[in-house]
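Undergrad: Letter by letter, the chains look like this.
Protein chains: 2
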Amino acid sequence: MARWEPNARERLERAALALFLEHGYDATTVAEIADRAGLTKSTFFRHFADKREVLFGGQDMLADLFSEAAPSATTAECLAAALDSATAAFTPDRHDLAPQRRAVVAANSELQERELLKRARLSSAMAAALRARGTDDTIARLAAEVGVLAFSTAYARWAAPGNVRPFAEIARAALRDLQASATALGASADVSA
Amino acid sequence: MARWEPNARERLERAALALFLEHGYDATTVAEIADRAGLTKSTFFRHFADKREVLFGGQDMLADLFSEAAPSATTAECLAAALDSATAAFTPDRHDLAPQRRAVVAANSELQERELLKRARLSSAMAAALRARGTDDTIARLAAEVGVLAFSTAYARWAAPGNVRPFAEIARAALRDLQASATALGASADVSA
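As you go down the protein sequences, you meet chains A and B in turn.
In this text, residue positions in the first sequence follow the numbering used here: the first is 127, and each later residue adds one.
In this text, residue positions in the second sequence follow the numbering used here: the first is 127, and each later residue adds one.
These are computed hints drawn from the structure, not numbers from a lab.
Hints may contain errors.
[What the hints assert, rightly or not] Some chain B residues close to chain A (C-beta under 7 Å, calculated; not the full set):
| hint | residue |
| --- | --- |
| 1 | M187 |
| 2 | L243 |
| 3 | T261 |
| 4 | I265 |
| 5 | L304 |
| 6 | T309 |
Remember, it's a predicted structure, so these values are computed and weren't measured experimentally.
For glycine and all other residues, C-beta sits at the position ideal for the given N, C-alpha and C.
This is chain A alone, in the form it adopts within the complex (with noise of 0.2 Å):
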């Protein structure tokens, strides 16, 4: 019955974001996100669980690739590894989806409640894969939160208009600029106030 059609999640996500910032996220249906793209609302559900999801799926795939780091890495290399997979999803030619989802997410804060915990769990998830890899727990738990701060702020700048540097190398640069700025804060070893 479900014949496979090209390019449906990228139609779909596409359809959803021009329906949220037509009509807004709460009142589009997945009905009218599948009618706009020319599917099936059961080719909807076949990849998405729900509207929410074609805003937040992609970070769920992040914290799936950062636990697929290669087993000799160091923990920085677990963290330039992880933004490297990320590439794949910020192509050029999804340049133009970014900012038609900010503008959504800023639209409802709901779905802004919903980005930070989204990020909350991006960073549980990278701080379990690196103790689950013998690394002690604070450097999993800040590390963590330094690949998801590398993330958002690369995601910013790869997605700010007019931006043309790919993804990988903007996230490098935003990782380094994050290891020299741990460098700065650790070398205040003294905390005496």
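With the hints as your guide, set chain B onto chain A.
TA: Only chain B this time, still in chain A's reference frame:
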């Protein structure tokens, strides 16, 4: 009309935690909390905006404390000063409330989400306070995450059953651990995978 009630805030907090544990958070009303504390509803509302605030009001106070650090302090000194200021909220006589609060939050997924959101907002407030002091954006965001991690680590250790070490001492140690971890993470400055 409103007469001053000694220790009203703490009495309300203890009554609320006891009722949340006995009957569940959702089933407990403000009227029941006030009644258990031997106070009126209007006294409750002079101390807390709603029953959720009984659990999370402390985190808002922390965000305020952070913006009061001395203008001359370094970023690391700001973190240390904020943790020191928090000490006032974690006195030995409040030690028995911590496991109660944790049990209430752990039993309710909405409260767990609220906890994550409050942590994210605390981090944002810390980063904004540092930026307002002229701290570089990347360092401000990283330092804020380090501050929140230090605080949450210290709180968990302080609240552990049987702990007798004062909060300030635990918090300073947690911050030093995180700074050492930051140094270790920053030292892997070659992030080539």
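Undergrad: Each hint: holds or not?
TA: To see whether the hints hold, each was checked on the structure:
no.: 1; hint: M187; verdict: violated (19 Å)
no.: 2; hint: L243; verdict: holds (6 Å)
no.: 3; hint: T261; verdict: violated (10 Å)
no.: 4; hint: I265; verdict: holds (4 Å)
no.: 5; hint: L304; verdict: holds (6 Å)
no.: 6; hint: T309; verdict: holds (3 Å)
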